[in-house]
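Each residue of the sequence shown is one higher than the one before, starting from 1 at the first, in full-length UniProt numbering.
In case anyone wonders, no lab produced these hints; they're calculated from the structure.
Beta carbons: idealized from backbone N, C-alpha and C, even for Gly.
Treat the hints with care, as some may be off.
[As the list claims (entries may be wrong)] Distance windows between CB atoms, simulated: (1) Thr10 <-> Asp91: 34 to 44 angstroms; (2) Glu14 <-> Gly45: 28 to 38 angstroms; (3) Asp91 <-> Asp7: 40 to 50 angstroms; (4) Asn116 <-> Asp166: 30 to 40 angstroms.
[To be verified] In silico lysine-lysine, DSBU-like type, Cα no more than 35 angstroms apart, as pairs: (5) Lys48 <-> Lys88; (6) Lys88 <-> Lys149; (7) Lys61 <-> Lys83; (8) Lys83 <-> Lys48; (9) Lys89 <-> Lys149; (10) Lys61 <-> Lys89; (11) Lys61 <-> Lys88; (12) Lys83 <-> Lys154; (13) Lys149 <-> Lys61; (14) Lys61 <-> Lys145; (15) Lys149 <-> Lys48; (16) Lys48 <-> Lys154; (17) Lys89 <-> Lys154; (18) Lys61 <-> Lys154.
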Amino acid sequence: MHDTADDDCTCERERQSEHSPSVVDSGEMLGRLIYADDQVEDATGNLKPGAFPLADVLDAKRGGWSFARLAHSTPASLLAKGKEFEDKKPDGNRRFRGVGKGLTGDVRAIAECSPNRDLCLIDDGLPDDPAHAAAVLSPSAPRSKSDLKAVRDKMLEIFSPVASPDDAF
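All chains should be modelled from the sequences, with the hints used to inform the complete structure.
Below, the structure written as structure tokens:
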């Protein structure tokens, strides 16, 4: 069920995209698609800071951190998305590594830098990807890289280790 008790993220209460199936509920599992070797530790499968670039949440034009809503995805759709991103960088700098998965409730519980919470999770469905969601900074979250490193560290904990698309479900 969607938790509407927090007034800091009122954007979560209503569908943000006509392409999304619904608002993002607190019990949903999200998948963070990992595309680069510098985003994951080979030995452990744990995510590294490069998996959650601070610029993606600091710059509104970048749209926040992207996720796949796993209840509205399939292993085949995740593999296709991974291949699509690989093909955009044919120089070999991108290689689909897998999926980090975490619960929306855990993301919404992060309050490292704000009195209420640091991130809002919104449905951000696209015409060709209705399962897309995004984590954006809450209105009360700080806007400095030094403060947001603690938020990123929590995201790394939540979404580690990386799994194969088949194991993400």
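Here's how the hints hold up against the structure:
1. The hint said 34 to 44 angstroms for the Cβ distance between Thr10 and Asp91, and at roughly 42 angstroms that hint holds.
2. Look at Glu14 against Gly45: about 36 angstroms separates their beta carbons, and that is inside 28 to 38 angstroms.
3. Between Asp91 and Asp7 the beta carbon distance is about 46 angstroms. The supplied range of 40 to 50 angstroms therefore holds.
4. Look at Asn116 against Asp166: about 37 angstroms separates their beta carbons, and that is inside 30 to 40 angstroms.
5. For the hint linking Lys48 to Lys88, the alpha-carbon distance of about 22 angstroms falls within 35 angstroms, and the restraint holds.
6. At most 35 angstroms may separate the alpha-carbon atoms for a hinted pair to count; Lys88 and Lys149 meet this at roughly 28 angstroms.
7. At roughly 24 angstroms between alpha-carbon atoms, Lys61 and Lys83 fall within 35 angstroms of each other, so this suggested pair holds.
8. As the CA atoms of Lys83 and Lys48 are separated by approximately 21 angstroms, the hinted pair is consistent with the 35 angstroms bound.
9. A hinted pair counts as satisfied when its Cα atoms are at most 35 angstroms apart, and Lys89 with Lys149 qualifies at roughly 27 angstroms.
10. About 21 angstroms separates the Cα atoms of Lys61 and Lys89, which keeps this hinted pair within 35 angstroms; it holds.
11. A hinted pair counts as satisfied when its Cα atoms are at most 35 angstroms apart, and Lys61 with Lys88 qualifies at roughly 20 angstroms.
12. This hinted pair checks out: Lys83 and Lys154 have alpha carbons roughly 28 angstroms apart, not beyond 35 angstroms.
13. Pair hint Lys149 plus Lys61 holds up; C-alpha atoms about 20 angstroms apart against a cutoff of 35 angstroms.
14. Between Lys61 and Lys145 the CA atoms are separated by roughly 17 angstroms; this keeps the pair inside 35 angstroms, and the hint holds.
15. With a C-alpha separation of about 12 angstroms, the suggested pair Lys149 and Lys48 falls inside the 35 angstroms cut-off, and the hint holds.
16. Under the criterion of a C-alpha separation no larger than 35 angstroms, the hint pairing Lys48 with Lys154 is consistent with the structure, at around 11 angstroms.
17. Of the pairs offered as hints, the one joining Lys89 and Lys154 holds, with about 29 angstroms between alpha carbons and a cut-off of 35 angstroms not exceeded.
18. With a C-alpha separation of about 23 angstroms, the suggested pairing of Lys61 with Lys154 holds against the 35 angstroms cut-off.
This entry satisfies every hint, going by the numbered hints stated previously.
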